[in-house]
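Below, each chain spelled out in residue letters.
2 protein chains.
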Amino acid sequence: MDTSVRARRLNESSATEVAKMVAAGEARCEDVVRACLERIAEREPAVGAWQHLDPDHAIAQARALDRAGVRGPLHGVPFGIKDIIDTHDMPTGYGSPIYAGHRPVADAACVALSRKAGGILMGKTVTTEFANRYPGKTRHPRDSRRTPGGSSSGSAAAVGDHMVPLAIGTQTTASTIRPAAFCGCVGYRPTWSDLRMHGVREAAGSLDTLGLIARSVGDVALYRDVLLRNAPQPIAAPPARLRVGFCRTHLWRLVDPVYQSRLEDAAQRLARAGAAVADVDLPAEFERIEDAHRWISSFEFSRNFTHEIEHHWEKISAALRNGRLKDGLGCSIERYVEARSFAETLRLKLDAIFADYDVLMAASADGEAPLGLDSTGNAAFCAIWTTMHVPAITLPAFTGSNGLPLGLQLIARRNGDRRMFAAASEVWRVLC
Amino acid sequence: MDTSVRARRLNESSATEVAKMVAAGEARCEDVVRACLERIAEREPAVGAWQHLDPDHAIAQARALDRAGVRGPLHGVPFGIKDIIDTHDMPTGYGSPIYAGHRPVADAACVALSRKAGGILMGKTVTTEFANRYPGKTRHPRDSRRTPGGSSSGSAAAVGDHMVPLAIGTQTTASTIRPAAFCGCVGYRPTWSDLRMHGVREAAGSLDTLGLIARSVGDVALYRDVLLRNAPQPIAAPPARLRVGFCRTHLWRLVDPVYQSRLEDAAQRLARAGAAVADVDLPAEFERIEDAHRWISSFEFSRNFTHEIEHHWEKISAALRNGRLKDGLGCSIERYVEARSFAETLRLKLDAIFADYDVLMAASADGEAPLGLDSTGNAAFCAIWTTMHVPAITLPAFTGSNGLPLGLQLIARRNGDRRMFAAASEVWRVLC
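As they're listed, the protein sequences go chains Y and W. Residue numbers 1 to 432, in our numbering, belong to the letters of the first sequence in order. Residue numbers 1 to 432, in our numbering, belong to the letters of the second sequence in order.
Misleading hints may appear alongside valid ones.
Note that the list lumps identical chains together, so a pair holds whenever it fits in one copy or between two copies.
Here are the simulated DSS-like pairs of lysine-lysine, each with C-alpha atoms no more than 27 Å apart in a straight line [claimed, not checked]:
(1) 326 to 137
(2) 349 to 315
(3) 116 to 349
(4) 116 to 315
(5) 116 to 326
(6) 20 to 326
(7) 349 to 326
(8) 20 to 315
(9) 20 to 349
(10) 326 to 315
(11) 20 to 116
Hints were generated in silico from the structure; no laboratory data involved. In this text the structure is predicted, and so the values were computed from the model without any measurement.
One chain only, chain Y, in its complex shape:
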């Protein structure tokens, strides 16, 4: 076989396919890594997905894995790690000049678990400043005038552009679902507290989760099992009649009209395919979640960053100083506790709503990735679900008027991650 053709194929393969080929002896780990490095070499100047990339180190890891037996279910699968997450053998800068060149002494839990399963850490992907709003260098892979979304900008761009099949991001507001949707990826935000955060720079711990980015539902399900230290389990069959709640939310008027029509059409197609699709109107108080999210996240963030505020104020962007830090430093414990208690009350109400639905479907953002690199886009379409601690997944279901990806967001009840994957597979089968 022509090795360059083979190499091109490998970087486009899913993690599941790569692991299967490597385990069967049909490809070496080194082949996979070289295919990904080739793609990166070609595309990185335009995309800027990587904060740190050391091809020799990636190849050395691959060769070591080729010499060893199969370590686990990600054996030979290259992955990227958002540069807000510690790695013992690569610098970790948290998207801030304060930490340029910083070298953690240990891997974050999610990095160690990925490696234990045989994954190959390709490098560190670009994050916004401290996973907040101030953008990094990454551009949208299909239109360099546009944002890739944030804060897991490099993770989504790298996966969407076939540089790696898997990447880890984080989500405190919209930081996984939004960039994954913009870049045409599958993005998964787990039930809060399922996946461990040791070694991830905390933004707002009561909201933070990891976020997994891939190009198939099967790959995020596989990666979740790896990060839980579970033996991988196949995705279950969907219910005989999938119950889908179409949840436009109070933000519907902000959704691009073409995107609105894509979602309406999708609801009809799902119904024609046998799903029970019904409109869901959330109680009016759910409109106040964004406000609660603002106070919870900014209160926690601003206290967590006291060292940087006290020692490195001049190296913090104006966007962060005048945004989340200003909000947070002005927020009292009383206001914080009120917002936190309100969120907890709504979580219980949302649990009750899920008695009637397997999943809710909603927009992942307000439209295609917007023009301009100063903003990473509207976060409100995810802030609701993030604050509710529920799992969510975005599927690259549609294309917008500029030919760019639009996501379909599915949301499930807390602890319903695996049932959400089953539903997502069925929705993918019908729509994608």
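With chain Y fixed as given, assemble chain W onto it according to the hints.
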């Protein structure tokens, strides 16, 4: 004034008194630090509270504060930090040989907030291995054959022995309340998620909190405000008729008989002083909280420590390997989620119970600090409340048959920390 007498007084003063004296020009920060260092020099060989102590650096901090204006409400107050918490200018070893000599690049949020308020970091206090069970070198200040309790062993011993007026610990099970009770301190575990954890080595994030150790209720209330970045507020007056629920729990049969009689007597004294004291029997399902705690904490802990498991297995104690790690690695996500959901359900039931009580009163442990240094004591008396995310405080209310301290634990509803301080002040007035 004879300086040696003055010095002896200063190390025995409360944080509130020290801050007041320094602000009034009645003592210099350096005087306070020297008084504490003198006490440490005298007592440290017997107690072993400190993992890292650099007298010159402490004096240098004090002199810098003496030159500057008053920075905040802890100006001139020496404090100790459990060595599970990062400090930019002192090594942080997490109680493990794996991290001996490790130097973090930044202060944890709680350290930076303490310093911003003018506190003087005296050094790092001894922790058990990764805030788990394997003990450090610390001995009980009043009987060196006995454990000081754990995991915040050095923090409690240092405060109890008048080496510093304040120290920070953490609590995932019993790690603040238990050692504080054993060492005759006031120990405070806040409502879960009130005080920020950035820079604290995570054990089990959904249970972990900071813990504050002092020698008065006023000092922990002051320190809480500092760590919230709040302007300090006086403790409110207690309700006209304090409603106290005497909650023996299903563990009562494990409580030392003398301790039982002290608690029974205290309930009567509080009633005679005007409180409404009633017995509270928790529903039987609360007996299963310890089991839920076991699975939640060990599942989270074991995944968080993947890097250490993979790279440093031989440097992990047998106690940790065969205890929490074995439990955790054998715990499935399904069992973890079941335990987590069960705990959430009981939190709501406990909220309802608190409709009738301002505080519950309970034992802080099963008795005085036990003989022997291999174990840090029974953790069950705190595991209940830790898992419930409620605030708790232990007061040095009693003395046991060996002349050692016994704590009275008060527990309040979630977010009721300030009302708990008001109740604790009233209970202190009556009992202590």
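Status of the hints after comparison with the structure:
{"no.": "1", "hint": "326 to 137", "in the structure": "within (25 Å within a copy, 44 Å between copies)"}
{"no.": "2", "hint": "349 to 315", "in the structure": "neither (42 Å within a copy, 47 Å between copies)"}
{"no.": "3", "hint": "116 to 349", "in the structure": "neither (39 Å within a copy, 41 Å between copies)"}
{"no.": "4", "hint": "116 to 315", "in the structure": "between (36 Å within a copy, 19 Å between copies)"}
{"no.": "5", "hint": "116 to 326", "in the structure": "between (41 Å within a copy, 18 Å between copies)"}
{"no.": "6", "hint": "20 to 326", "in the structure": "neither (50 Å within a copy, 30 Å between copies)"}
{"no.": "7", "hint": "349 to 326", "in the structure": "neither (31 Å within a copy, 37 Å between copies)"}
{"no.": "8", "hint": "20 to 315", "in the structure": "neither (46 Å within a copy, 35 Å between copies)"}
{"no.": "9", "hint": "20 to 349", "in the structure": "neither (43 Å within a copy, 48 Å between copies)"}
{"no.": "10", "hint": "326 to 315", "in the structure": "within (16 Å within a copy, 44 Å between copies)"}
{"no.": "11", "hint": "20 to 116", "in the structure": "within (17 Å within a copy, 54 Å between copies)"}
Violated hints, in rising order: 2, 3, 6, 7, 8 and 9; the structure is consistent with all others.
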